[in-house]
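S.K.: So the protein sequences, as listed, match chains B and U. With the first sequence counted from 1, adding 7 to any position gets you my numbering. With the second sequence counted from 1, adding 80 to any position gets you my numbering.
Some clues are possibly wrong.
[Said to hold, decoys possible] Here are the simulated lysine to any residue pairs, SDA-like style, with alpha carbons at most 20 Å apart: (1) Lys108(U) with Leu127(U); (2) Lys118(B) with Ser642(U); (3) Lys764(U) with Glu708(U); (4) Lys764(U) with Ile103(B); (5) Lys118(B) with Gln641(U).
[Claimed, not checked] If you want the footprint, here are the derived chain U segments under chain B, 3+ residues with CB under 8 Å: (6) 646-652; (7) 717-731.
What the hints contain is simulated information worked out from the structure, not anything from laboratory work. Since the model is a prediction, treat every value here as computed from it, not as a measurement. Cβ atoms here follow ideal geometry from the backbone N, Cα and C, with glycine treated the same way.
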Amino acid sequence: MTEIMFALTIGILFGIGVFQLLRRDLIKAAIGFAILFSAINLFFVAAGAFEGNYAPYVSNVEADRQTSDPLVQALILTAIVVSFGSFSLVLGFVNIISRRYDTIDSNEITKLKH
Amino acid sequence: MELLFITAVPFLLAILLTLPFIRALLDKSALTLLSSLAMAALFCWLLTYIPLLQVESAIEQSFAWVPSLGISLSFYLDGLSLLFSLIITGVGALIFFYAGYYFDDSSEHNRFMIWLSSFAGSMLAVVLSGNLLMLFVAWELTSITSFALIGFKGAKDPASRDGAFKALFVTSAGALALIIGIVMLCVAAGQILYPDASITLVGDISMILQADALAQHDWYLLFTVLILLGGFTKSAQFPFHFWLPGAMTAPTPASAYLHSATMVKAGIYLFARLSPVMHQNELWTSALLAVGLATMLVGACFAVKQTDLKGLLAYSTVSKLGAIVAMIGLPDQNGLKAAFVGIIAHALYKSALFLVAGTIDHATGTREINQLGGLREKMPAMFLVTVVSALSMAGLPFLLGFLAKEVLLDAMLHYTAPWTPLVMLVILVSTAFTAMAGYMLIYDVFLRRPRKRLHIHHPPALIRLSPVLLSLLSLSLGFLLEPVLLPLLHLAVPKAFKLYLFAGFNEVFALSLMILVAGFILFLARKPIIARITFPISCDQIYRELLAYIRWAGATVLHTQSGFVRYYLAIILGAAAAVLILSGTLSTVIADQNLLPTDLSLTITDLAKMSMLFLTVAAGILTVVVREHVKAAIAYGVIGYAIGVIFLIDHAPDVALVQLLVETMATVLIIVMLGRIRAGIRLKMITGLWTGRHDYNLGILRDLGISVLIGGAVFVFALIALQNRHDRDSIAHWHLENTRSVNTDDVVGAIVADFRGTDTLLEIAVFTTAALGVLTLLARGRRSGGVFVPQTVQPTVLHEFDEGVVEEIQDATSLSTPFTRTISRLVLPIAFLIGISQILYGGLGPGDGFTAGVTIGLAVSLWYIVFGYSEAKRLLPWFRPEVITRMGLVIAIVNALFPILIGRGFMGHVEFDMALGIYDIVGSFGLHITSSLIFEIAIAITVMGGLGIIIEAIAYPTARANGLRGETEATAEPDKRE
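Okay, chain B solo, but in the shape it has when bound:
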């Protein structure tokens, strides 16, 4: 049951991210960009090979408890930091665009050089 909820949430978040990217407001587009990242991270954690009721620690494994999948978690851990890095780059772009073009409406930015 939770799978379908996860999938639905991921789908909706993805749709929202895409919608924001397609709009004219660059700040909201940047936020949409970040939402896309979140949706993907959410998908990864949900897509672990198995579920468990304990965090993935060796002590839990040795106590014969079913732990969650550590691999996807390790993948997302670094992905979160890297996506933050690219998000800050996007924000940097929006910032510099607002300074150079004096607008954040992507429709008003028609020239590469301003």
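Given the structure of chain B, go ahead and fit chain U onto it with the hints provided.
M.R.: Coordinates of chain U only, in the frame set by chain B:
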């Protein structure tokens, strides 16, 4: 190995010439000597292969490259390649020498020589390569270097650009045909040689030469036509010949080398190379013969029409290339001897003539034949060179060109076919016109009285050396047949043959004399004859029409481009969604899957998860519908936190911690950045968007539709992935079982810092790069000496018009209350403590280098927000993010490399505490000093530094270049006013 080295030498020379200290060390004449001596050394080295090749038929040296595709880096030297490589290196040495005196400007000379040596290396690779696919790569390299050389003066001269483009257009179009032909040929050879299909593609020349049955293969017609197209375009055969006269915009040494002696013979080389396996078929021979003869005639007739000295030489080159191609096309390879003698003779006399043309151009400043004349007294050496070379071209006994014409006529006389008389006529007319061109060169340029006074600027004396040597060879080689030419020719020509400079007063000799006389008569009566030479269609014109059509098509397509990236994105995503649905991919995938949940029971944790999921969706919708950017940013923060809680519920405490910290940082960053964007801009955006524009409703429906489609597709795929994920064989189990071996309890931490450490190393590098990207974007032109220059703000000396300063003070004061200041000061040491504990005890619980770095980074960000850029900089003088980041990366890399020294491999696990004997001491504090720990420290430092770079760059005060800030914008947040 030696052949690889021989091919590499010119490339190494080119690299050497690019090095600044070499240019500082050696002047132009030293470099000239060095480069031409290098080529001469290669020439001598290649000569030493002659005795070896007399014993063995070929030398092959091979290095595996892509063995699965039959591609190897292999070199193949037989008589044919030896002949060509001797021409490339020998003529190359002379032309490299000449170029040193042709260019006055040493930086221009350097640039030219870099390209010319690269070309020489590429050309050597063409003739020495032992694999057809590698040959193709070298073939294309010659096209590219040729492009650069033809367009050498392109910066100033549009004709030069035009010529370069034309040459590239024609030869690379031909190369496209060639690569298809080569691949088909290689596959066909594979089918013939390995009928059991154990090897599908045979590229090695030595193997292909054994595939005798190629001429009977089903694809023969196709690959023959394609390969012929490739060779014809490269060797300037009719109707593709027009690029060669256009290529005369190249500096003359390049014309002499590429466009007469070497590159244009690449196609001929390919034909000669494949001739043993291809010549049994009529198509191959008759196409070569017909096209070659047509080219010969067209080139010879047009040569005499040219008024440009180099144009004349170019067309006569076209003519000679046609003659050589026709010789290769004679049945049973009877013409190969004539072709090779022709190649040698032509390389010698034509490059000498080109060098003369270059010298005259250099001396008089013009190449127009009409303006030249009477140069005999002024340039006696060039006159003698021209006499020898032009008469060699005309075929005067007993120069080398005479020998070439003798063997050509002899080969033709043995050719019997219904159309032999016609062929003979074409050859006689062409050679007569060629002789006429030779006479014109001597008379018009050197003997007749000049139309106007020529001002002669004498070039350096050594410029004469190369043309003189070349003409001496034209003069003497005919007599040195036995010791010099014959051994080489016997190696290159598959059949036994005899060759004499003077075979007696036979019909060939008579024809030869007749041609000379006919040429002289044509020369005397040239005015009316030249005027009558016309050709109904100009190939150049067709090319121009084609180009104009392509430009028109490009312009037409450009009309459909709006230039707005988001429209492109909409089209791409919309098309992707449409394809997914229309193609039925989605429905077939769904049909096979069990998508509906079977287990409908819900535990209390499931309910908690679902409520968090609901929260993310609600917040996500909120980011769309709220007007104000700040509210959208906060709603985005809610999404991040909710996801963090989901991670926590899903038993991923490490990820949850990082997620919560990073989302805090991201939200802070958006809000800080919103403060840096002028309020009026944001206000305009908000009001503009929501009061509506004429395209607004339609646009929102379109975007909504695309988003729903994409979101729906993602939903379906996510559902399939999630419903079918129960795979118990995941490698995750391996990690769970082996984490103990790296002395930690935290499996996720072990994967990040140890098992997949290389990934993490790259990821912190990526993060640093992103941070540097932000810095470059926002801090351009504000740095000095690689470090931010802290500005100390002294309110007493403020200029009220200095907007940057004014704004900064506002930044500093907006949140700077005694309370926030105290909090910031308190938070930083605590953050450090938390960070250190997370690193040291990361193995025992949630938290690791990433969380430590972000925690400290957050505390520092707080300082920048509260105190403002300058004061924060002043109060935290030790916080120099660029230095910190650099340090972190260096530690990470050293830590990754160190294990190699002790034999554990890259990023191997090292237990320092064990090695140092302090295991028990640190162990009593619950610590393990391992390479993983050091890596975690490095990660923390790098992430902290990276965050510092980002926050510094974004918090840096902006001085507005344009725009007076209205009072409302400066004082009030628009978001609050609405």
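S.K.: Now tell me, hint by hint, if it's right for this structure.
M.R.: Hints and how they fare:
1. Lys108(U) with Leu127(U): 29 Å, violated
2. Lys118(B) with Ser642(U): Roughly 12 Å separates the two Cα atoms, so the pair holds.
3. Lys764(U) with Glu708(U): Holds, at roughly 11 Å.
4. Lys764(U) with Ile103(B): 17 Å, holds
5. Lys118(B) with Gln641(U): Distance ~14 Å between Lys118(B) and Gln641(U) Cα, so the pair holds.
6. 646-652: holds (count 3)
7. 717-731: holds (count 7)
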